[in-house]
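**Q** Sequence:
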Amino acid sequence: MPREQKNAEAALQKLGQRVRAGWAKKHPISERSIATVRTTVREQWEIEQKAKRERMLSQKPPTKNKGKGKGRGQEPEI
Numbered sequence: 001m002p003r004e005q006k007n008a009e010a011a012l013q014k015l016g017q018r019v020r021a022g023w024a025k026k027h028p029i030s031e032r033s034i035a036t037v038r039t040t041v042r043e044q045w046e047i048e049q050k051a052k053r054e055r056m057l058s059q060k061p062p063t064k065n066k067g068k069g070k071g072r073g074q075e076p077e078i
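Using the numbering used here, read the sequence shown as starting at 1 and increasing by one per residue.
Treat the hints as calculated values from the structure; they're not laboratory data.
Keep in mind that the hints are not guaranteed to be accurate.
[What the hints assert, rightly or not] Here are the in silico distance ranges between beta carbons for each label pair:
1) Arg18 - Arg53: 43 to 51 Å
2) Met56 - Ser33: 29 to 37 Å
3) Gln5 - Arg55: 49 to 57 Å
4) Arg20 - Gln44: 41 to 49 Å
5) Val37 - Ala10: 27 to 35 Å
6) Ile29 - Ala51: 42 to 50 Å
7) Val19 - Val41: 24 to 32 Å
8) Arg55 - Ala35: 43 to 51 Å
9) Arg32 - Arg53: 25 to 33 Å
10) Trp45 - Gln17: 28 to 36 Å
[Claimed, not checked] Listed below are the simulated BS3-like cross-link pairs for lysine-lysine, each with C-alpha atoms no more than 30 Å apart in a straight line:
11) Lys25 - Lys14
12) Lys26 - Lys14
13) Lys26 - Lys52
A virtual CB, placed ideally from N, CA and C, is assigned to each residue, including glycine.
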């Protein structure tokens, strides 16, 4: 029984590969579409990188508290 299941899974995977290959051959992606996607992805990446840089610059540099005042794991002063 397990052998039949493995054979069936292998046959389905092979069929899936053939269907995807046929679809790609019948409906090729144009260079224009690829260029549009690349441009959009690049613009989004640049926006994210700019936001990341601004976030890093806006954060205060960590100060070293040698056991005084507020620190990690200590309650805030009121």
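**Q** Confirm or reject each hint.
**A** Now for the hints, and whether the structure bears them out:
no., hint, in the structure
1, Arg18 - Arg53: 43 to 51 Å, "holds (47 Å)"
2, Met56 - Ser33: 29 to 37 Å, "holds (35 Å)"
3, Gln5 - Arg55: 49 to 57 Å, "holds (51 Å)"
4, Arg20 - Gln44: 41 to 49 Å, "violated (27 Å)"
5, Val37 - Ala10: 27 to 35 Å, "holds (33 Å)"
6, Ile29 - Ala51: 42 to 50 Å, "violated (30 Å)"
7, Val19 - Val41: 24 to 32 Å, "holds (27 Å)"
8, Arg55 - Ala35: 43 to 51 Å, "violated (31 Å)"
9, Arg32 - Arg53: 25 to 33 Å, "holds (32 Å)"
10, Trp45 - Gln17: 28 to 36 Å, "holds (31 Å)"
11, Lys25 - Lys14, "holds (17 Å)"
12, Lys26 - Lys14, "holds (18 Å)"
13, Lys26 - Lys52, "violated (41 Å)"
Of the numbered hints listed earlier, those contradicted by the structure are 4, 6, 8 and 13.
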